[in-house]
Amino acid sequence: MLAMDKTKAQAWAHGFYVHAIGLTRRSPTFVAGLCMVLFFLGVAIFAGVIAPYSPTESFSYDILRAPSDRFIFGSDGNGMDVFSRVIYGCRYAFGIAVPAGLIMVGIGLPLGLIAGYKGGLLDEVLLRTLDVLRAFPTIILALAVVAATGQSLISMVVVIGVLDSPIFARVVRAEVLNLRASTFVKAAVAMGNPAWRVMVVHILPNAILGATAQLPMRMAWAVRISATLAFIGVGIQAPTPEWGAMIRQGAEYVITGEWWAALFPGLALMLLVLGFNLLGDGLTDILDPKRRGVGK
Amino acid sequence: MAQEKTLVMAMSATPKGFDPDIWVPGQIEAAVNLYEGLTKYGTRSGANGKVEVDPSKIEPHLAESWTVSPDGKTYVFKLKRGVRSPFGNELTAQDIVWTYEKSALQKRTGQFMRTAARIEKVEAVSKYEVRYTLSDANRIFLGALTLHLPAIFDASEAKKHATPDDPYATKWLALNTAGYGPYHLQALQAGQQAVFVVNPNYAFKKPYYTKMIWREVPSPATRVALVRTGQVQYAEQIPFQQLTALRADNTVKVESVPGFGGATVRMNPRFPPFDKVKVRQAVAYATDYAAIGEAVFLGQGTRSRSMLNSPIAGAVNAYKYETDYNKAKQLLAEAGYPNGVDVTLEYSTNWWWEEPLVLQMQASLAKAGIRVTPKRIPSTEMLARRTINVWTVPFLTHLTSSFVPDPSYNMFLTAHCRGSSNVNANCDAAMDKLIDASVVERDQKRWLALIEQAQNLQADSATFIETFLPGTHEVFAACMKGYVWKPHNRLVWKDLSCNS
Amino acid sequence: MGGQTARIARFIGVRLAVSAPVILGIVFLTFMLIRMGGQDPVAMLAGPMADEAMLNALRAQLQLDQPLLAQFANYMVRIAHGDLGVSWQGGIPVLNEIRHLFPATLELVLLSVALAALIGIPIGMRAATKPNGWFDQISRFVSLAGFSMPTYWMGLMAILVFFYILRWAPAPMGRLSMEVAAPAVVTGSILVDALLEANWRAMGSALAHLALPVACFTMLAAAPMIKQTRAIVIEIMGSDYVRYARANGFSAATVRRMALRNAATPLLTFLGSELTSLLAAAALIEYIFSLSGLGQWGLNAILLGDFAVVQGYVLTLALFSMAIFMVIDLIVMLIEPRN
Numbered sequence: 001m002l003a004m005d006k007t008k009a010q011a012w013a014h015g016f017y018v019h020a021i022g023l024t025r026r027s028p029t030f031v032a033g034l035c036m037v038l039f040f041l042g043v044a045i046f047a048g049v050i051a052p053y054s055p056t057e058s059f060s061y062d063i064l065r066a067p068s069d070r071f072i073f074g075s076d077g078n079g080m081d082v083f084s085r086v087i088y089g090c091r092y093a094f095g096i097a098v099p100a101g102l103i104m105v106g107i108g109l110p111l112g113l114i115a116g117y118k119g120g121l122l123d124e125v126l127l128r129t130l131d132v133l134r135a136f137p138t139i140i141l142a143l144a145v146v147a148a149t150g151q152s153l154i155s156m157v158v159v160i161g162v163l164d165s166p167i168f169a170r171v172v173r174a175e176v177l178n179l180r181a182s183t184f185v186k187a188a189v190a191m192g193n194p195a196w197r198v199m200v201v202h203i204l205p206n207a208i209l210g211a212t213a214q215l216p217m218r219m220a221w222a223v224r225i226s227a228t229l230a231f232i233g234v235g236i237q238a239p240t241p242e243w244g245a246m247i248r249q250g251a252e253y254v255i256t257g258e259w260w261a262a263l264f265p266g267l268a269l270m271l272l273v274l275g276f277n278l279l280g281d282g283l284t285d286i287l288d289p290k291r292r293g294v295g296k
Numbered sequence: 001m002a003q004e005k006t007l008v009m010a011m012s013a014t015p016k017g018f019d020p021d022i023w024v025p026g027q028i029e030a031a032v033n034l035y036e037g038l039t040k041y042g043t044r045s046g047a048n049g050k051v052e053v054d055p056s057k058i059e060p061h062l063a064e065s066w067t068v069s070p071d072g073k074t075y076v077f078k079l080k081r082g083v084r085s086p087f088g089n090e091l092t093a094q095d096i097v098w099t100y101e102k103s104a105l106q107k108r109t110g111q112f113m114r115t116a117a118r119i120e121k122v123e124a125v126s127k128y129e130v131r132y133t134l135s136d137a138n139r140i141f142l143g144a145l146t147l148h149l150p151a152i153f154d155a156s157e158a159k160k161h162a163t164p165d166d167p168y169a170t171k172w173l174a175l176n177t178a179g180y181g182p183y184h185l186q187a188l189q190a191g192q193q194a195v196f197v198v199n200p201n202y203a204f205k206k207p208y209y210t211k212m213i214w215r216e217v218p219s220p221a222t223r224v225a226l227v228r229t230g231q232v233q234y235a236e237q238i239p240f241q242q243l244t245a246l247r248a249d250n251t252v253k254v255e256s257v258p259g260f261g262g263a264t265v266r267m268n269p270r271f272p273p274f275d276k277v278k279v280r281q282a283v284a285y286a287t288d289y290a291a292i293g294e295a296v297f298l299g300q301g302t303r304s305r306s307m308l309n310s311p312i313a314g315a316v317n318a319y320k321y322e323t324d325y326n327k328a329k330q331l332l333a334e335a336g337y338p339n340g341v342d343v344t345l346e347y348s349t350n351w352w353w354e355e356p357l358v359l360q361m362q363a364s365l366a367k368a369g370i371r372v373t374p375k376r377i378p379s380t381e382m383l384a385r386r387t388i389n390v391w392t393v394p395f396l397t398h399l400t401s402s403f404v405p406d407p408s409y410n411m412f413l414t415a416h417c418r419g420s421s422n423v424n425a426n427c428d429a430a431m432d433k434l435i436d437a438s439v440v441e442r443d444q445k446r447w448l449a450l451i452e453q454a455q456n457l458q459a460d461s462a463t464f465i466e467t468f469l470p471g472t473h474e475v476f477a478a479c480m481k482g483y484v485w486k487p488h489n490r491l492v493w494k495d496l497s498c499n500s
Numbered sequence: 001m002g003g004q005t006a007r008i009a010r011f012i013g014v015r016l017a018v019s020a021p022v023i024l025g026i027v028f029l030t031f032m033l034i035r036m037g038g039q040d041p042v043a044m045l046a047g048p049m050a051d052e053a054m055l056n057a058l059r060a061q062l063q064l065d066q067p068l069l070a071q072f073a074n075y076m077v078r079i080a081h082g083d084l085g086v087s088w089q090g091g092i093p094v095l096n097e098i099r100h101l102f103p104a105t106l107e108l109v110l111l112s113v114a115l116a117a118l119i120g121i122p123i124g125m126r127a128a129t130k131p132n133g134w135f136d137q138i139s140r141f142v143s144l145a146g147f148s149m150p151t152y153w154m155g156l157m158a159i160l161v162f163f164y165i166l167r168w169a170p171a172p173m174g175r176l177s178m179e180v181a182a183p184a185v186v187t188g189s190i191l192v193d194a195l196l197e198a199n200w201r202a203m204g205s206a207l208a209h210l211a212l213p214v215a216c217f218t219m220l221a222a223a224p225m226i227k228q229t230r231a232i233v234i235e236i237m238g239s240d241y242v243r244y245a246r247a248n249g250f251s252a253a254t255v256r257r258m259a260l261r262n263a264a265t266p267l268l269t270f271l272g273s274e275l276t277s278l279l280a281a282a283a284l285i286e287y288i289f290s291l292s293g294l295g296q297w298g299l300n301a302i303l304l305g306d307f308a309v310v311q312g313y314v315l316t317l318a319l320f321s322m323a324i325f326m327v328i329d330l331i332v333m334l335i336e337p338r339n
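Residue numbers (this note's numbering), protein chains in the order written: chain A, 1 to 296; chain B, 1 to 500; chain C, 1 to 339.
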């Protein structure tokens, strides 16, 4: 029996290996992106083990120290270790950027789809409603809503996600308009497919390309806007190790030569956004067979 | 013909108004250079030979002399002759009377100063003589007259802009200036810059700088870059942590003065657990003063020893608390919190040290079982909730300071139940009695004794956690000379000069 | 041609009719939200030495003690007369300030978006023609750096490098050097006004002062442009329409033109969205470079609870956004052959 299990496990591992190779060949970007995102996810999960200090422990006699053995990335204006804060910051990056991005897609995608496909009055109403959200400077709306619903991280994330969905919906709608008139969609309609089926099965997969393109950008924006809100005093409270707030505070010191407080969280943000970027691009490579071989 | 000398200042925002009775951002910084008082503080030579203000010496300024009645309630000031405004009008007693009438109508800051100095009546006795009648003789009065408010306006000019429903031209005076001070507003482009020129008829020593350009540069880092490259000769509100780098830079000069404002953390005895004095004292013992001095004030702050600090007369070392976590835990247990307690410390962005101080408090109080949650709130909310008789902030940061370096006045403002800078419902009958008595006490020895008693009482009640004096730090171009700190804690332009 | 004009007229008519309630909704929401946001500006206005009596008096004077709806009704009546209220800091009329400050923001945003489109679209297209080629990879990386770099940090780094260290850029202290006289105000944009009176000195100074902020802002704006263009073009290249054209033997150049035509719609729509979102983001750039534009003023007002100013700011942005969307959608309707 043990021999049987062993071969089963071997078969499974072999299968996995073959799939992995196949996947890599089909889209190295996807795998690269996945690895990067998983890396940061791992850092977020094992932050307690990796970080040498607590992210909020203040070393009163070591304010703004340059990177050294003690503080790998230096210490910030409150004497806290930048390295530990960047590590723990991964948690907040995933806790803010990802949910906000998903909410944005979750709202914007169906709305853009429906508005683009159905058209008419429904389209107008949806669009104008989205425009209301769109025309608002985010700061005010965010400030007011978060202040009214309580200063939790969750409400801030929801607000950010909701506020950005209109941009997304508009882009999706534009692509849907294009697709609506294409041959294969017309054919699908002519064949008697109900509207919902046409939307979901025929149009949606093609509109997703626009979605995956926007997602990493909007996630980066989510981190940036949460920093601006923290600056106003809404959402993130000191001394939470959130990258956006860290960059905002650290940027001030750049002018007097203390470059480390802003650079490291900035790099971390860039790399994570790059990871999601590659992941998204890779995903489209894999999902859409038409995409491959174009222009090569 | 004298050459025009211009000083360019990088400020955080253009002034939003110039009427000293109506506070708006930037108003005080401008008004202290536009309007002057009947008296002024004398100077002395301080440590390392620098000129500093001597709060015990009050000297004539726009008034050349005065007499006092034996009961101390009536003062008659003789105005200096030939004092003219940029519009050419001469200072007369009518201007003074007009000023107080205007303040009484507006019921704002000017009115408050009047109440604090116990001014009952202001009358013109003759063209150049003004009589002040006080309800009580008090020590605040002469010091209050050094201030720029209630501003002494050129009433003749101001009246030209009065209208039937604005008889004191408050609308015009909000955005224009007409006074007897060294400078005068020439032009204001909101959001960009304000230009001030010297009053050609200024009655005293002509200032070196004939033109002041106040430019709006909202970003502090940009202000630093500008002063370091010589594009401006003064940069306002530079972050404290950048001063270290600036001190090392020889294109820039940093003038630092301890001042007498103290960075404090206040507890409101109307909110548990702060209703128990033992809890408050526990907080005082659980504060790590050394760490705060290093982390927040970078070793450059002066430790605050009482609710009053030098150069205020009568300041004693009343605040005896030092870091002692065991004592703190013991006191907490005695007060009924053997397992510690959870509190929220609210702060805002009024002062640069608020957030770093709050974070240090959080770290150190935790060691005594006091679990602090920092909470940052918008400054307008803080201002609203900490107002006298509103008092809904249980635990907050605040700077103890005032315009007048008089001990009774400071204590009244900050620790008296009717003081408008009392932000934490500090209402103790015994304390109020002491303060009221000190305001009207005329005997020097008895007065000093009262003040000492009040400070000790305050320290024992532990509603204020005294940390450090953040000091005032002004950043200039390296050549700048003549800077003298004044108790109103704002930059005075007429003293400055630069022979580069 | 008459039919075309009629179409346009009908489009604008419908759009205006539909937009009016939306604008009203925005004004109403802003009005309510800022008053409910927990901010109380009265204490700030009353000054550091106020007591409760003074606060209440001030509140009554500013009509803040009345029920919210009554306040809103008053506000609408005043707007109908063209009065947007005054800033509580100094009593400056809001409408005047908007007229004064908006051109600076517009100048910055329009220049940056135009540059970003000029740079971003061609790059995105070239990257799309050879996906995963070396040009694509590099442009992807550059665009990524652009939109994940925080605005604030980028601006300060630019000042540090190009002003402080290299002394190439002029002092980030306004839109003109102090010794240069400003041109007569016609549009409010210094560039345009200087051009109108052939004042080359002022124009040069204005351009020099705009260089760094526009460069930062363009980087910010170009990145999403590159990415989105690439995505759109790739999608179109792979669409049936294009394949059909290729299969029918159309030349590569013709196919490209067809693709471009199709790309125009989503691209234009995206451009419109970017323009409006960048308008709000301009505040940060204005703050760092002291450009005294609308964004800086609005941001300050939000922090200080200057309600009338905040309302005016939001109204301006809302109207402008609606106008942009309308223009973009109009163009799309005209060039889109199948709608």
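Bear in mind the hints are in silico, worked out from the structure with no lab data behind them.
The beta-carbon is built from N, C-alpha and C at its ideal position, and this holds for glycine as well.
Careful, some of the hints might be misleading.
Capping the alpha-carbon separation at 20 angstroms, the derived lysine to aspartate or glutamate pairs in EDC-like fashion look like this [what the hints assert, rightly or not]:
| no. | chain 1 | residue 1 | chain 2 | residue 2 |
| --- | --- | --- | --- | --- |
| 1 | B | 5 | C | 179 |
| 2 | B | 211 | C | 52 |
| 3 | B | 320 | B | 288 |
| 4 | B | 171 | C | 179 |
| 5 | B | 206 | B | 59 |
| 6 | B | 433 | B | 54 |
| 7 | B | 278 | B | 294 |
| 8 | B | 486 | B | 54 |
| 9 | A | 118 | C | 329 |
| 10 | B | 367 | A | 123 |
| 11 | B | 205 | B | 443 |
| 12 | B | 57 | B | 334 |
| 13 | B | 375 | A | 62 |
| 14 | B | 107 | C | 193 |
| 15 | A | 186 | C | 83 |
| 16 | B | 278 | B | 249 |
Using C-beta positions, here's what the derived DEER-type ranges look like [unchecked claim]:
| no. | chain 1 | residue 1 | chain 2 | residue 2 | range |
| --- | --- | --- | --- | --- | --- |
| 17 | B | 373 | A | 72 | 47 to 53 angstroms |
| 18 | C | 53 | B | 429 | 20 to 26 angstroms |
| 19 | A | 39 | B | 484 | 54 to 60 angstroms |
| 20 | A | 122 | C | 28 | 22 to 28 angstroms |
| 21 | A | 122 | C | 185 | 41 to 47 angstroms |
| 22 | B | 338 | C | 141 | 30 to 36 angstroms |
| 23 | A | 122 | C | 251 | 57 to 63 angstroms |
| 24 | C | 28 | B | 255 | 48 to 54 angstroms |
- Query: Between residue 373 of chain B and residue 72 of chain A, does the beta-carbon spacing fit 47 to 53 angstroms?
  - Reply: violated (29 angstroms)
- Taking 20 angstroms as the top limit, are the C-alpha atoms of residue 375 of chain B and residue 62 of chain A close enough? violated (24 angstroms)
- Message: Can you tell me whether the CB distance of residue 122 of chain A to residue 28 of chain C sits inside 22 to 28 angstroms?
- Response: holds (23 angstroms)
- Verify the proposed pairing of residue 278 of chain B with residue 294 of chain B, using a straight-line Cα cut of 20 angstroms. Distance of about 27 angstroms is beyond 20 angstroms: violated.
- State, for the Cβ atoms of residue 338 of chain B and residue 141 of chain C, whether the hinted interval 30 to 36 angstroms holds or is violated. violated (59 angstroms)
- Would you mind confirming whether the straight-line C-alpha gap from residue 107 of chain B to residue 193 of chain C stays at or under 20 angstroms? violated (45 angstroms)
- Does the alpha-carbon distance linking residue 171 of chain B and residue 179 of chain C stay inside the 20 angstroms limit? Since the Cα atoms of residue 171 of chain B and residue 179 of chain C sit roughly 32 angstroms apart, the hinted pair is violated (cutoff 20 angstroms).
- Do the alpha carbons of residue 367 of chain B and residue 123 of chain A lie within 20 angstroms of each other, as the hint requires? Answer violated: residue 367 of chain B to residue 123 of chain A is near 60 angstroms, above 20 angstroms.
- Message: Between the alpha carbons of residue 486 of chain B and residue 54 of chain B, is the straight-line distance 20 angstroms or under?
- Response: Within the cut-off at roughly 10 angstroms; holds.
- Item | Restraint check for residue 320 of chain B with residue 288 of chain B, where alpha carbons must lie at most 20 angstroms apart | holds (14 angstroms)
- Message: Check the hint pairing residue 433 of chain B with residue 54 of chain B against an upper bound of 20 angstroms on the C-alpha distance.
- Response: Cα-Cα ~28 angstroms, so violated.
- Compare the distance between the alpha carbons of residue 278 of chain B and residue 249 of chain B with 20 angstroms, and conclude whether the hinted pair is satisfied. Between residue 278 of chain B and residue 249 of chain B the Cα gap is close to 48 angstroms, so the pair fails against 20 angstroms, i.e. violated.
The structure shown violates the earlier hints numbered 2, 4, 6, 7, 10, 11, 12, 13, 14, 15, 16, 17, 22 and 23.
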